[in-house]
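If you read the protein sequences in the order shown, they are chains A and B. Each residue of the first sequence is one higher than the last, beginning at 2 in this note's numbering. Each residue of the second sequence is one higher than the last, beginning at 142 in this note's numbering.
Keep in mind that a hint or two might mislead.
[Stated by the list, open to error] Some chain A residues flagged as far from chain B (calculated, every beta-carbon gap over 10 Å): (1) Phe16; (2) Val20; (3) Pro77; (4) Asn88; (5) Arg90; (6) Ile111; (7) Pro134; (8) Leu135; (9) Arg138; (10) Tyr148; (11) Leu149; (12) Ile152; (13) Trp164; (14) Ser194; (15) Ser195.
[Stated by the list, open to error] For lysine-lysine, the following DSS-like pairs were computed, each having C-alpha atoms within a straight-line distance of at most 30 Å: (16) B:Lys143 / A:Lys196; (17) B:Lys181 / A:Lys196; (18) A:Lys131 / B:Lys229; (19) A:Lys131 / B:Lys181.
[Said to hold, decoys possible] To give a feel for the contact side, a few chain B residues facing chain A, derived at Cβ under 8 Å: (20) Ile152; (21) Ile186; (22) Val215; (23) Leu228; (24) Ala244.
Think of the hints as simulated: they come from the structure by calculation, not from any bench. All residues carry an ideal CB built from backbone N, CA and C; glycine is no exception.
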Amino acid sequence: MEMDLQLAKEEHLTFKQGVRDCIPTLLGYIGIGLAAGVVGNSANLSIMEIGLLSALVYAGASQFIFCAMMAAMSPPSAIIATVFIVNLRHFLMSAALSTHFTRYSLLKNIGIGALLTDESFGVASLRTSKGLPLSDRWMNGLNVTAYLTWIASCLLGGYMGSWIGNPEAMGLDFALTSMFIALLVLQMVALPSSKLRHYLVLIAYTAVAVYVFSAFFSIYIAVLFATVLCAAIGAVTENEG
Amino acid sequence: MKVDFTVFLIILGCALVTFIPRILPFVAIRKLKLPVAIVKWLAYIPVCLLTALIVQGAIQPIESVPALPAVNWVYIIITIPTLVTALKTRSLLLTVLVGIVTAALVRLVV
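So here's chain B without its partners, still in its complex pose:
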């Protein structure tokens, strides 16, 4: 149950650098009247970010940049039944279940 003091300080540092980007827009944007163009841009963030986060896993990390990254085919194979479930059921819960089970099954084989 011990907490190492150095580990604690590193956790605090990580907490701070996570906290700031999380709250800064909430603090700053309250007082600002944003231009229409910015508001439009912000409205596209969810779809682009979700896409980017999904694609992120399909790319193998590379040792040094620049280099052409390899595609993680196992990840893409797992993605297919998950995507089909999401489209068919439109259920978060079922999609996550199918995703976890497919990932486990595919890795059993591959």
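Isolated chain A, as found in the complex:
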């Protein structure tokens, strides 16, 4: 009976529902995508190159760094190494999400992983934190909608480049942080009050850890280390609170 209920719940998790669940996050992709396009334009990338970058790399922070380093004439090996470090956090996100998709084929898993972003990860983990199931079709709906919106926004930003001027002055760069804040708050309010304290302490630890690690490493490494460490603290101290 419970199994049937579980399956019935998954039936609703269609591609279309994934698209629908992506809509509230689209403004974030559009804001950052426009900014990434503008920055690409000012780094003298052609529209085609901006399109390729957004379709193949598909990662906001890396695209900004790519443009900055191209403009600074950094050697290709340094650009690729930096992008690798900036994007290593995807490894953690994929590891956390992949446990929910083990029943699907290898190809489907690769498809889901290839289009994973901070935001789609945030939306998906919002479901898992509430104990709700995930399905491949739902995840693809979420991912593909985000992917297409991202490419379109980057291209549009590239076209409008000189009109927009400085994306920071328009607050576009803050779209991503706002999204992270909203996703974090939504995770917190979904928690039972018995767990809330544990999580709030963990958030404080993570904030301190990022600051301390950033004194010794690049900010991207600091984010990785702080996440790995504080998630471990969370798991170890789970039953004490």
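Given the structure of chain A, go ahead and fit chain B onto it with the hints provided.
Frame of chain A; chain B shown alone:
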């Protein structure tokens, strides 16, 4: 509309090093039976990573390590109305809107 061949190769390189960390766990974990401790640890990744990504912006990049990083106060000021909106409305869309508008307004002043 031209694509410089060197630029294309660098983009491909960046795509590869982004693709691998994204798909590797999806490929590897399918076949593994993870220990309970690891599964527990993975469950804490979302909250810790989201927090770390938010805090990341509040820290000024430093020229050389090790050095005590400075705090980006403008960023923290912009964060406050954004956080309040998220808590009050619980809406992704409204939070992002308020975040963008606040960032634009604060930078107009500062």
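To see whether the hints hold, each was checked on the structure:
{"no.": "1", "hint": "Phe16", "in the structure": "19 Å, holds"}
{"no.": "2", "hint": "Val20", "in the structure": "15 Å, holds"}
{"no.": "3", "hint": "Pro77", "in the structure": "5 Å, violated"}
{"no.": "4", "hint": "Asn88", "in the structure": "5 Å, violated"}
{"no.": "5", "hint": "Arg90", "in the structure": "6 Å, violated"}
{"no.": "6", "hint": "Ile111", "in the structure": "5 Å, violated"}
{"no.": "7", "hint": "Pro134", "in the structure": "15 Å, holds"}
{"no.": "8", "hint": "Leu135", "in the structure": "13 Å, holds"}
{"no.": "9", "hint": "Arg138", "in the structure": "16 Å, holds"}
{"no.": "10", "hint": "Tyr148", "in the structure": "12 Å, holds"}
{"no.": "11", "hint": "Leu149", "in the structure": "17 Å, holds"}
{"no.": "12", "hint": "Ile152", "in the structure": "13 Å, holds"}
{"no.": "13", "hint": "Trp164", "in the structure": "16 Å, holds"}
{"no.": "14", "hint": "Ser194", "in the structure": "15 Å, holds"}
{"no.": "15", "hint": "Ser195", "in the structure": "16 Å, holds"}
{"no.": "16", "hint": "B:Lys143 / A:Lys196", "in the structure": "54 Å, violated"}
{"no.": "17", "hint": "B:Lys181 / A:Lys196", "in the structure": "14 Å, holds"}
{"no.": "18", "hint": "A:Lys131 / B:Lys229", "in the structure": "20 Å, holds"}
{"no.": "19", "hint": "A:Lys131 / B:Lys181", "in the structure": "15 Å, holds"}
{"no.": "20", "hint": "Ile152", "in the structure": "5 Å, holds"}
{"no.": "21", "hint": "Ile186", "in the structure": "4 Å, holds"}
{"no.": "22", "hint": "Val215", "in the structure": "10 Å, violated"}
{"no.": "23", "hint": "Leu228", "in the structure": "6 Å, holds"}
{"no.": "24", "hint": "Ala244", "in the structure": "3 Å, holds"}
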